[in-house]
Each structure stands twice: as C-alpha cells, then as structure tokens.
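Sequence lines, in order, name chains B and R.
Residue numbers are given in this note's numbering: position 95 of the first sequence equals residue 95, and the series is strictly consecutive.
Residue numbers are given in this note's numbering: position 19 of the second sequence equals residue 128, and the series is strictly consecutive.
Simulated from the structure, these hints should not be mistaken for lab results.
Incorrect hints may appear among the rest.
Derived DSS-like pairs (lysine-lysine); straight-line CA-CA distance at most 30 Å [what the hints assert, rightly or not]:
| no. | chain 1 | residue 1 | chain 2 | residue 2 |
| --- | --- | --- | --- | --- |
| 1 | R | 122 | R | 164 |
| 2 | R | 164 | B | 3 |
| 3 | B | 40 | B | 68 |
| 4 | R | 122 | R | 112 |
| 5 | R | 180 | B | 40 |
| 6 | R | 162 | B | 57 |
| 7 | R | 127 | B | 41 |
| 8 | R | 180 | B | 37 |
| 9 | B | 3 | R | 122 |
| 10 | B | 56 | B | 41 |
| 11 | B | 67 | R | 180 |
| 12 | R | 166 | B | 40 |
| 13 | R | 112 | B | 57 |
| 14 | B | 37 | B | 56 |
| 15 | B | 3 | R | 162 |
| 16 | B | 37 | R | 112 |
| 17 | R | 122 | R | 180 |
| 18 | R | 112 | B | 40 |
| 19 | R | 112 | R | 127 |
| 20 | R | 164 | R | 112 |
| 21 | B | 56 | B | 40 |
| 22 | B | 56 | R | 127 |
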Amino acid sequence: EDKVVQSPLSLVVHEGDTVTLNCSYEVTNFRSLLWYKQEKKAPTFLFMLTSSGIEKKSGRLSSILDKKELFSILNITATQTGDSAVYLCAVEAGNQFYFGTGTSLTVIP
Amino acid sequence: DVKVTQSSRYLVKRTGEKVFLECVQDMDHENMFWYRQDPGLGLRLIYFSYDVKMKEKGDIPEGYSVSREKKERFSLILESASTNQTSMYLCASHGYDYNSPLHFGNGTRLTVT
Chain B
1 EDKVVQSPLS LVVHEGDTVT LNCSYEVTNF RSLLWYKQEK KAPTFLFMLT
51 SSGIEKKSGR LSSILDKKEL FSILNITATQ TGDSAVYLCA VEAGNQFYFG
101 TGTSLTVIP
Chain R
110 DVKVTQSSRY LVKRTGEKVF LECVQDMDHE NMFWYRQDPG LGLRLIYFSY
160 DVKMKEKGDI PEGYSVSREK KERFSLILES ASTNQTSMYL CASHGYDYNS
210 PLHFGNGTRL TVT
C-alpha cells in the first residue's frame with residue numbers, strides 16, 4: 001500500500017529558530033514529491049522535487065529529495081510567526097497524489 | 110496562473126439534503142480530484158477523474174458521487190447529507206505535464222446539521 005509519513009506531527013519553536021520537517025514515502029511509479037503550506041484555507045504550493053540531491057530554494061525555505069532512501073526534508077531558517085502553518089508533503093505516483101497527515105508548525109514571537 | 114474555483118467557501122445543510130459542490134478550473138487540465146480534510150486524518154481522496162465523463166473511486170467514495178460533463182468542471186454530490194460528512198472539501202486539478210503540481214481550490218467548509 002502506498003504511503004507517505006511526515007514527522008514530527010507538530011513542532012513549536014521561537015522566532016529565529018531553524019526547523020527541519022521530514023517526509024518519507026513508499027510508493028510505486030514515483031513521479032514527484034511536493035510540499036505545500038496550509039494556513040486556515042487551501043494548501044498553497046511550495047516546491048516540487050523530481051531529482052535526488054538537487055536543492056530547491058525559495059527565500060528562507062529549501063527542500064531536497066533523496067530517491068534512494070525515499071525521503072525529503074523541508075528546511076525553514078530564521079523562522080517568523082508567519083511561517084506558522086501545517087506543512088503537507090505529497091507524492092505523485094502514477095496519476096494519483098498521496099498525502100501525509102502534515103506537520104503543524106507554531107512559531108512563537 | 111492556474112485558477113481552481115470552488116463555488117462556495119462555507120455551506121450549511123440539513124441531514125438528508127442533496128448537496129452539490131462545484132469546482133471549475135481554467136487550465137484545460139485533464140485530471141481533477143475531490144478530497145476531504147479532517148483533523149488528524151489529513152487529505153483523503155473521494156473521487157477523481159481523468160477525462161470528461163470518466164470517474165474513479167478514491168479511498169472514501171461511500172455516500173458521494175461525482176459528475177464531469179465538461180472538462181473544466183467537476184462536481185461532487187452528496188446524495189443524502191449526513192452529519193459525518195461535515196468537513197472541509199478540497200477540489201484540485203492537475204495537467205499531464207511532468208512538472209505540473211497539483212493545484213487546489215479555496216475549499217468548501219461544509220457543515221451538516
């Protein structure tokens with residue numbers, strides 16, 4: 001059975017801290033891994049990763065994929081209160097998308 | 110920019126009512142999906158569609174049906190709403206391009222009383 005597991009389930013940090021969110025997966029016909037940020041509305045797209053070892057970066061956020069060990073990490077440096085959200089990992093396999101249950105990040109001022 | 114539009118942000122319905130949730134995308138995407146999202150359970154796939162008039166059951170299709178008469182529109186139907194269908198419903202679309210992410214609508218928060 002295809003599955004995506006995220007850890008930790010939740011995280012509370014102080015502003016300025018650096019956090020690492022984890023996503024491991026077991027799927028057949030892997031095509032891509034995606035990260036989304038969800039506040040109190042629909043998920044917004046952050047990154048799409050298809051190749052191992054190539055870091056994607058956007059401001060303070062970065063992500064990398066390891067297709068041999070079947071995981072990805074999402075790093076957020078110098079966290080701000082606006083980073084508080086649920087971060088979702090999804091894996092595209094075949095024509096479907098499989099989601100983890102998300103990591104809830106709370107950044108305290 | 111891809112736009113996926115869900116007809117309602119908030120909806121309150123009574124038990125037993127027939128409920129229609131509409132979703133329209135403007136990027137000529139082949140694939141469209143309906144998910145529901147509940148605390149602690151994440152996103153669960155209800156139905157998806159690869160093309161007009163085609164539909165496939167997802168993980169939790171019971172109590173739901175769908176309609177895709179036009180490529181841009183994918184409707185989710187609750188034949189007889191029940192309180193356990195109170196949830197956030199998310200529509201998404203995806204093209205066959207290899208580097209195309211899944212695009213979400215704004216979601217419909219449905220409450221069944």
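Please work out if residue 180 of chain R and residue 40 of chain B have their alpha carbons no farther apart than 30 Å. holds (29 Å)
Take a quick look at whether residue 37 of chain B and residue 112 of chain R sit within 30 Å of each other, Cα to Cα. holds (17 Å)
Check the hint pairing residue 122 of chain R with residue 180 of chain R against an upper bound of 30 Å on the C-alpha distance. holds (28 Å)
Residue 162 of chain R paired with residue 57 of chain B [C-alpha distance capped at 30 Å]: violated (39 Å)
Verify the proposed pairing of residue 67 of chain B with residue 180 of chain R, using a straight-line Cα cut of 30 Å. violated (34 Å)
So if I understand the rule, the pair passes when the alpha-carbon distance is 30 Å or less; does residue 127 of chain R with residue 41 of chain B pass? Cα-Cα ~25 Å, so holds.
Between residue 122 of chain R and residue 164 of chain R, does the CA-CA distance stay at or below 30 Å? Measuring from Cα to Cα gives roughly 25 Å; hence the hint holds.
Straight-line Cα separation of residue 180 of chain R and residue 37 of chain B no greater than 30 Å? holds (28 Å)
If you draw a straight line from the CA of residue 112 of chain R to the CA of residue 57 of chain B, is it 30 Å or shorter? holds (24 Å)
Is the Cα-Cα distance between residue 164 of chain R and residue 3 of chain B 30 Å or less? OK: residue 164 of chain R and residue 3 of chain B at ~22 Å, within 30 Å.
Between residue 166 of chain R and residue 40 of chain B, is the straight-line Cα distance small enough, at 30 Å or below? holds (27 Å)
Do the alpha carbons of residue 56 of chain B and residue 40 of chain B lie within 30 Å of each other, as the hint requires? Holds - the C-alpha atoms of residue 40 of chain B and residue 56 of chain B are around 25 Å apart, at most 30 Å.
Consistency with the previously given hints fails for numbers 3, 6, 9, 11, 22, ordered from lowest to highest.
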